[in-house]
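Please arrange chain B on chain A, whose structure you already have, making use of the hints.
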Amino acid sequence: MSTNNQFCTFYVDGLFFGVDVLRVQEVIRFQEMTRVPLASPVVSGLINLRGQIVTAIDLRRRLVLTERPADQLPMNVVVRTDDGAVSLLVDDIGDVLEVDESTYERPPETLTGAARQIVRGVYKLKDRLLLIIDTDQTVDLHEKTSAGLTKVA
Amino acid sequence: MAINETLQQELVKDLLLESHEGLDRFDRELLALEQGQTGPDSMNNIFRVIHTLKGTAGCLGLGHIEHTAHVGEDLLSLLRDGKLHSTPEMITTLLALSDALRGMLRTLEATGTDGTSDHSALLAKLVQLQVAPAIAAAPAPVEKPVFGLFDDDEPVVAVLAVAPEVAGAVVMTAPASVQASSDAPTPTTLHAAPPVSASASVEVAGKSSVADNAIRVDISQLDKVMNLVGELVLARNQIVANTTQFDQAALMTAAQRLNIITTELQESVMKTRMQPIGNVWGKFPRIVRDVSHELNKKVRLVMAGQTTELDRTIIEAIKDPLTHIVRNSIDHGIESPAKRLSVGKAEEGLLSLRAYHEGGQVNIEIMDDGGGINLDRVKAKAVAQHLITAEQSARLTEREALNLIFLPGLSTADKITNVSGRGVGMDVVKTNIEKIGGSIDLQSQPGQGTTLKIKIPLTLAIIPALIVTSGGDRYAIPQVSLLELVRLEGTQARKGIEQLYGAAVYRLRGHLLPLAYLNQQFKVKAGVPKNAAQAMDDVINIIVLQADGRPFGLVVDEINDTEEIVVKPLGKQLKGISSFAGATIMGDGRVALILDVVGLAQHANVVTETRDRPVIDTKARAQSDADQRQTLLLFSVGKDRRMAIPLALAARLEEFPVSRVERTGATEVVQYRGQILPLIRVADHVAGRVTPDEPSDILQVVVYAEQGRSYGLVVSQINDIVNESVTIKRASASQGILGSAVVQDRVTDLLDVPGLVRAAEAHASLAA
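Those sequence lines, one after another, are chains A and B.
Residue numbers for the first sequence, in our numbering: 521 to 673.
Residue numbers for the second sequence, in our numbering: -6 to 761.
Among these hints, one or two may not hold up.
[Unchecked claim] A few chain A residues that face chain B, going by a derived Cβ cut-off under 8 Å, partial list only:
no.: 1; residue: Ile548
no.: 2; residue: Pro557
no.: 3; residue: Thr575
[Stated by the list, open to error] Footprint (simulated), chain A over chain B, 3 or more residues, beta carbon under 8 Å:
no.: 4; stretch: 481 to 492
no.: 5; stretch: 558 to 572
Just so you know, these hints were derived from the structure itself, not from any lab.
Computed from a predicted structure; not experimentally measured.
Using N, Cα and C, we set each Cβ at its ideal position, and we do this for glycine too.
Bound-form chain A, shown alone:
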């Protein structure tokens, strides 16, 4: 685990999340997307990032939160992964925060489901909790396909 304490923060469905700032390639406004039929519902579509084709993953769906209202355009947090860049769709972008390591805690045992897989830990900030997500886990949709099928039935 990296010793870097700087996180790029963003909001998803009222929750405050952060990813390791070194994993973030860039943050961009909403981009036109091309939907991918037959793909997991978590995949919102493909965006053209300066000639590179990047898969966009809706964090609301990935974290099994409520759907984003239709009139609200998401932002793209483009993160680097072993398999090239992947965009995470978030509601709004926050600051880059430097946090105190002593405020870190592992996620509580009561956290279940998709969030359990993805949330790596929690920083107890003064006024709120910063949930740190693991980008590798987030972009790994292997487990999600069967959940997607269940939805169909």
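Coordinates of chain B only, in the frame set by chain A:
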């Protein structure tokens, strides 16, 4: 030490790179020499290759290579000095020397040492050849490199030394006098020799060849530059589009210049990846010589269009197929000199290679004036090897019969030779060429010769594709799999498509063409037709595609255009979807998916090996989510339970006799299409009481596939397929059941198939 090792590795890498090139040049020059086509520098070039290799190998402590090269050099120095004249035997031995050196270089590349392979016979031969004339070579000075590791300019000095002598004026003893004589000739007498790494930069080139001005660049570096240029092009597009809004002359001019420069830059960068096909052909004179000698045939090789350029990746991909074809032409095509004379042909066979651009593709023709392909013999062989039946063979057209030679396992050679006849040839050639989107065509005139015509794309990264629209999205279909386009209008559109047991088919010139609707396959809504006229006319666009050798029709909303597209890979999140081959960026900057025709055909079940009872679920998948209409497969479990699953979940419906059921552990299985299909008796795993029904000899099975695994759900009876709007009461959710609904006036349980599979698996693992 570590630094030295890295340096050593670097130097070895350089040695490998330049030596392979050098040895190719060595071969070429030797063959030219044999045919009397010598330039003033031929002998120097030949000598220099070996000399450099010897020197560098010596520096790097590769004694084996050094020694072998050294012996060769002794012979070459005599040749160069005119003390010996080349004989075919000598040429053969020298070619063997270059092979031996190549072998050692390969060993070096693989193991880091130059190995201990035994070439004593070759070395003895090389020594023996030196003594032909009386002038025994004074043991060539063993020139331990004195200027340390970086003696790259040594060969240059050698050239300086020997240059005048070719003109016949002076005879010099080579390397020993190098130091002294290096200032003797004037630079203007020099002809530039091909580059030997750094030496190229040292040479004062009078006439510089193309190679002299070249440097080595890592391909990945070039790819990076190309990607950056791609980004620049997109940025340029935006700038140019936006500057029109401003009324500023200076800005407009700048944008225009940017436009022009970017376009030129893009073209230039594309060109850097192109290589002349001559790079591959360069090896052929040697191959032709070797093979024809081996077979005692006389063959003249004529090449045209060596400068035709192709993308590097393609060059790599066609190298082996072309080599194979050339060998085949000499072995099977061209007859023995005696036979040729007897049928009134010139003793020497002709093999011609021709490459040229045509219609955005590169054509390569390999032509021989040999005996042609004996169709009867091919047919007979194919029948004898059980590749086709006798009846089939009788019905074959000439063209089809010719194409038999591309069948795996077919060889018409009566005996297996070193050269060919193992029956693993032309099919591999064909597959390799098709893999890169090319095609191969064969023409043969008995007694006159055979012509193979290969068509390959200029580059792999850019392919021609048909752009279609379905459900409002654009998709690109690679043109290689496209057969034809069919457009149905008016009555034809309303009546032309018939239903065959739930599967849509169209009669295309008397044959049934299975149809798949793209929007149904992709579960997207059909798009709104662009104009009213189309809506009135009921136009149906069918794209006839070929997948696994079978045609099928893909129905799309609109057919737009053909375009050259740049193929980009999809991320791993989407790798599992076999219907897509990649994605591309369209002119407007948006992304379009590229269809994988074979994957799509399998998804749509239009091409499957067994066509017994396929559930063509194209209808089933057309459901829009909005009105909750679903196509359900209704079946009964036990005597009294009625259940349903979305038809989309049923891959197939099958019947198995009870006798075919086998067991592994606690699980019942059947062998199904080469796999083991676990059976799940629905009655055993759903909540609630099931009244068992009478045992039957036939099991009704719904095949369900999930993540590449298939499961057979055993039910009592398949009842019906309905398209209904169902309201699920989720309250009753329990094991294996999602809920209940009223379907056709009867209460029906909706099966939770993934849940049921999990439950059954858990049960099986407990029992085991």
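Please name the hints from earlier in the document that this structure breaks, with their numbers sorted from lowest to highest.
1 and 4
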